[in-house]
Amino acid sequence: MDFNYTDTQDMLRDTLARFLADTYDFESRKKMIASDAGRDPGIWRALATDLGILSAPFSEEQGGLGGGAIENLIMMEELGKVIAVEPYLQTVVIGGGALKAAGGALADAVIPEIIGGNVIIGFAYAEPKGRYNLANISTTAKKDGAGYVLNGHKAVVYAAPWATHLLVTARTGGSQRERAGVDLFLIDAKSAGITRRDYPTVDGFQASEVYFENVAIPGDALLTGGIDLIEQIVDEATVAVCGEACGVTRKLHEGTLDYSKQRQQFGQPIGRFQVLQHRMADMFLEVEQIMSMTLMATLKLDLPAAERKAMVSLAKAKVSRSAKFVGQNAVQTHGGIGITQELAIGHYFKRATMIEGQFGSADWHLDRYEQLTLSDGT
Amino acid sequence: MNLEFSPEEIAFRDEVRTFIAENYPVELRGKQDEGDELSKEDFLSWHKVLAKKGWVAPAWPVEYGGTGWTPTQRYIWSEETARADCIRLMPFGLTMVGPVIYTFGTPEQKAKFLPRILSGEDWWCQGYSEPGSGSDLASLRTKAVQDGDHYVVNGQKTWTTMAQYADWGFFLVRTNADAKQQEGISFLLVDMKTPGIEVRPIITLGGEHEVNEVWLEDVRVPVENRVYEENKGWTCAKFLLAHERSGIAGVAASKRGVEKIKEIAKTEMDDDRPLLTNPFFRRKVAELEMDLTALEYTELRTLAGEAQGKGPGPESSLLKIKGSEIQQRITELTLEAAGHYGAPYFRGFGEGDNEHPIGPEYANRSAPVYFNVRKTTIYGGSNEIQRNIIAKMVLGL
Ligand SMILES: Cc1cc2nc3c(=O)[nH]c(=O)nc-3n(C[C@H](O)[C@H](O)[C@H](O)COP(=O)(O)OP(=O)(O)OC[C@H]3O[C@@H](n4cnc5c(N)ncnc54)[C@H](O)[C@@H]3O)c2cc1C
Ligand SMILES: Cc1cc2nc3c(=O)[nH]c(=O)nc-3n(C[C@H](O)[C@H](O)[C@H](O)COP(=O)(O)OP(=O)(O)OC[C@H]3O[C@@H](n4cnc5c(N)ncnc54)[C@H](O)[C@@H]3O)c2cc1C
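Here the protein sequences line up with chains H and A, keeping their order. Numbers 336 to 713, taken from my numbering, label the letters of the first sequence in order. Numbers 45 to 441, taken from my numbering, label the letters of the second sequence in order.
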């Protein structure tokens with residue numbers, strides 16, 4: 336058993352942490368979000384070229400550093416610590432992950448562009464009515480000669496306003512909710528027939544409603560693997576979000592602890608009140624368990640699908656609940672100042688809140704776990 | 045012991061129901077307290093309808109403009125207004141400073157201020173909290189020094205709700221720095237247009253502007269605007285806090301909130317079924333109803349006690365704690381029900397903004413409201429402070 340990071344992994348973390356400390360303080364983040372684009376494209380460029388770390392989770396043959404899920408965890412955790420609004424999850428973890436898994440000419444062509452920072456991907460999977468069932472979709476990709484024609488509406492596509500490419504789930508066959516017939520396509524975001532309605536999200540990102548109307552896409556936009564591939568990359572994304580939660584909740588806890596030492600009421604730091612001490616002790620326990628569950632799930636991503644899904648669900652359910660506990664109590668312990676835009680703590684709380692439901696709520700994941708492991712009553 | 049309404053009470057309920065149906069301002073229909081940011085005009089339009097009818101301050105003694113309703117009638121009133129989705133009136137005049145003035149004020153103060161609170165002519169704000177004095181309110185440092193027939197006030201207040209609209213504010217100020225903390229505080233009524241007052245906005249997590257900093261520099265307040273004796277302001281403050289807490293349970297509004305969640309969960313699809321048939325979600329709704337019913341019957345017991353002349357005591361802390369927690373759980377469940385559409389940040393319809401909201405309407409403000417309502421366990425005496433009060437005053441610890 337070994338929970339140690341390698342020297343290379345430590346170096347990756349240090350490099351990123353140092354860069355973010357210089358560029359991503361709370362005030363800078365505020366400015367990026369308030370700007371027209373809603374981000375500073377220079378950050379992404381620097382991650383790709385100056386630091387060269389968008390290559391971390393790709394194999395050496397693909398031009399990467401030979402890492403994988405652990406590298407993604409490190410990146411997501413550090414990005415979480417500054418509540419970065421960079422499209423790493425969508426572009427590298429999800430888009431890159433799908434290409435890695437599917438392989439082929441498209442992967443060979445696009446992965447180097449991801450590494451080089453020239454490609455940003457939005458993951459268009461959710462639909463207005465489907466909730467968390469990845470197979471419950473009505474977007475269609477109809478075979479048309481060598482290619483496909485795409486029609487449908489995808490909901491709340493994070494990073495879509497910045498995207499050069501969209502990774503889209505669509506039906507090539509079967510009926511609504513049928514697992515068979517769901518496929519994955521990586522398409523040019525500027526393809527004719529795509530319209531977007533862009534908006535900011537409550538946690539500081541940019542997202543869109545994306546509409547496809549008779550969008551003609553080439554045949555080689557298809558990433559083979561169907562629903563199994565989609566579930567695999569969503570599990571990888573789920574664990575990456577857990578990694579982000581490690582960073583977000585650690586900061587929530589640290590910020591609360593610091594504040595409780597400074598803030599004086601009744602002639603003493605509020606951290607002297609035992610009820611707050613116990614609460615911060617509980618927050619600490621939850622943050623540690625978030626870390627444990629995230630590492631566990633990261634290390635189980637290579638298991639056969641049923642086991643992988645069960646353990647990812649167990650992890651995400653725990654992380655969702657713990658993130659809620661830590662976020663709510665961070666705000667409560669700050670008192671009034673905790674619910675203002677002025678302090679960073681409230682913004683960490685918002686991101687923690689959105690993480691709770693991302694890729695499935697605690698209830699949804701516990702249900703998936705139960706169905707996979709407990710439903711036969713043995 | 046009996047839980048039924050009498051025939052007279054049922055007749056009263058019908059009267060109230062009809063009145064609301066016929067008189068609730070058309071422009072307010074569909075607007076929500078929490079979901080939409082309401083303008084000053086919004087608040088005042090309903091206030092004025094009730095003022096005209098004589099129903100704007102049910103709890104006040106009749107001689108000052110109250111309705112003389114029994115606690116049961118008041119309960120019916122809050123049930124019916126919540127049921128009809130009426131916006132809640134601003135409490136600062138009606139349930140805070142009004143009762144202080146008719147309890148502790150001079151005849152001149154009563155004559156000057158009470159009618160204008162009732163009519164809605166004056167908008168009030170509450171200037172208690174300071175940057176260094178939140179839970180420990182008695183440590184407040186805003187200073188008032190007497191100069192002839194005026195006090196000169198200097199200091200800073202914060203979290204002052206809706207001060208941006210206020211004509212008047214009631215302020216706690218220190219008039220004796222040498223006495224024991226609670227014995228050096230006075231209660232002043234301050235015209236917000238007095239030179240030296242500056243109101244600066246504080247923006248909260250959902251993007252709302254509902255609280256402010258209020259800076260006071262050499263603000264001259266006539267001595268006649270002090271309520272009760274000098275250095276006895278804490279008596280007024282404590283009286284007011286107890287009043288503030290008794291209304292804070294918000295049972296009727298929470299009942300309506302639960303009903304709305306059920307309506308949402310009937311429409312919102314969870315994969316192949318309505319969300320309300322999801323056993324996990326449904327269980328949370330049932331648990332909410334369980335706790336809300338427990339709160340409701342606790343409040344009814346308190347109301348019945350009040351009818352027999354028992355004032356709201358430290359037990360009102362119970363109503364505040366449970367009421368605020370339930371309000372938060374309602375916003376939590378609403379956000380959960382919204383699914384993916386909890387994420388878009390939609391600021392409501394501004395002027396000239398005729399874009400459609402994104403996703404279903406109920407999802408639109410679910411996250412900002414959830415963030416905003418974290419305030420209920422913080423303000424009005426935080427829930428930690430309420431538990432301290434119960435430990436000390438009720439349990440004798
Ligand atoms: C099954 C069992 C086996 C045991 N075996 C052994 C053994 O082998 N050897 C041995 O020496 N002892 C043993 N103990 C004793 C055990 O260590 C004591 O019960 C324990 O230290 C608590 O002391 P107490 O029972 O006197 O409770 P108290 O110390 O009186 O505590 C009562 C309550 O007050 C709380 N409390 C006390 N101080 C604080 C504080 N500062 N802040 C907040 N809360 C506080 C406690 O948490 C507890 O809830 C055993 C006890 C049990 C129940
Ligand atoms: C939306 C909003 C509207 C408000 N409107 C008004 C208004 O109109 N007028 C006005 O005067 N004020 C208003 N307030 C202020 C409100 O009353 C204070 O926020 C509240 O009293 C808490 O004070 P604080 O924010 O300074 O937190 P602090 O007192 O600093 O508390 C921080 C944390 O420490 C805890 N704590 C403090 N002391 C103890 C203790 N002894 N034991 C255990 N825990 C403790 C608190 O419970 C809290 O969790 C408003 C606040 C909010 C958030």
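It should be emphasised that the hints constitute simulated quantities derived from the structure, not laboratory data. Honestly, I wouldn't trust all of these hints.
Quick look at which bits of chain A chain H covers, simulated, 3 or more residues with Cβ under 8 angstroms [as the list claims (entries may be wrong)]: (1) 140-150; (2) 156-169; (3) 190-200; (4) 242-253; (5) 260-269; (6) 406-419.
Okay, derived cross-link-like pairs now, DSBU-like style, lysine-lysine, Cα gap no bigger than 35 angstroms in a straight line [to be verified]: (7) H:Lys596 with A:Lys282; (8) A:Lys306 with A:Lys328; (9) A:Lys154 with H:Lys659.
Using C-beta positions, here's what the derived DEER-type ranges look like [as the list claims (entries may be wrong)]: (10) H:Gln706 with A:Asp335: 42 to 52 angstroms; (11) A:Lys92 with H:His488: 56 to 66 angstroms; (12) H:Glu362 with A:Pro69: 39 to 49 angstroms; (13) H:Arg512 with A:Ala128: 50 to 60 angstroms; (14) H:Gln706 with A:Glu333: 44 to 54 angstroms; (15) A:His253 with H:Phe338: 39 to 49 angstroms.
The structure displayed is predicted, hence computed values, not measured ones. All residues carry an ideal CB built from backbone N, CA and C; glycine is no exception.
Against the structure, the hints come out as follows:
| no. | hint | in the structure |
| --- | --- | --- |
| 1 | 140-150 | violated (count 0) |
| 2 | 156-169 | violated (count 0) |
| 3 | 190-200 | violated (count 0) |
| 4 | 242-253 | holds (count 5) |
| 5 | 260-269 | violated (count 0) |
| 6 | 406-419 | holds (count 7) |
| 7 | H:Lys596 with A:Lys282 | holds, 29 angstroms |
| 8 | A:Lys306 with A:Lys328 | holds, 11 angstroms |
| 9 | A:Lys154 with H:Lys659 | violated, 48 angstroms |
| 10 | H:Gln706 with A:Asp335: 42 to 52 angstroms | violated, 29 angstroms |
| 11 | A:Lys92 with H:His488: 56 to 66 angstroms | violated, 45 angstroms |
| 12 | H:Glu362 with A:Pro69: 39 to 49 angstroms | holds, 43 angstroms |
| 13 | H:Arg512 with A:Ala128: 50 to 60 angstroms | violated, 40 angstroms |
| 14 | H:Gln706 with A:Glu333: 44 to 54 angstroms | violated, 28 angstroms |
| 15 | A:His253 with H:Phe338: 39 to 49 angstroms | holds, 47 angstroms |
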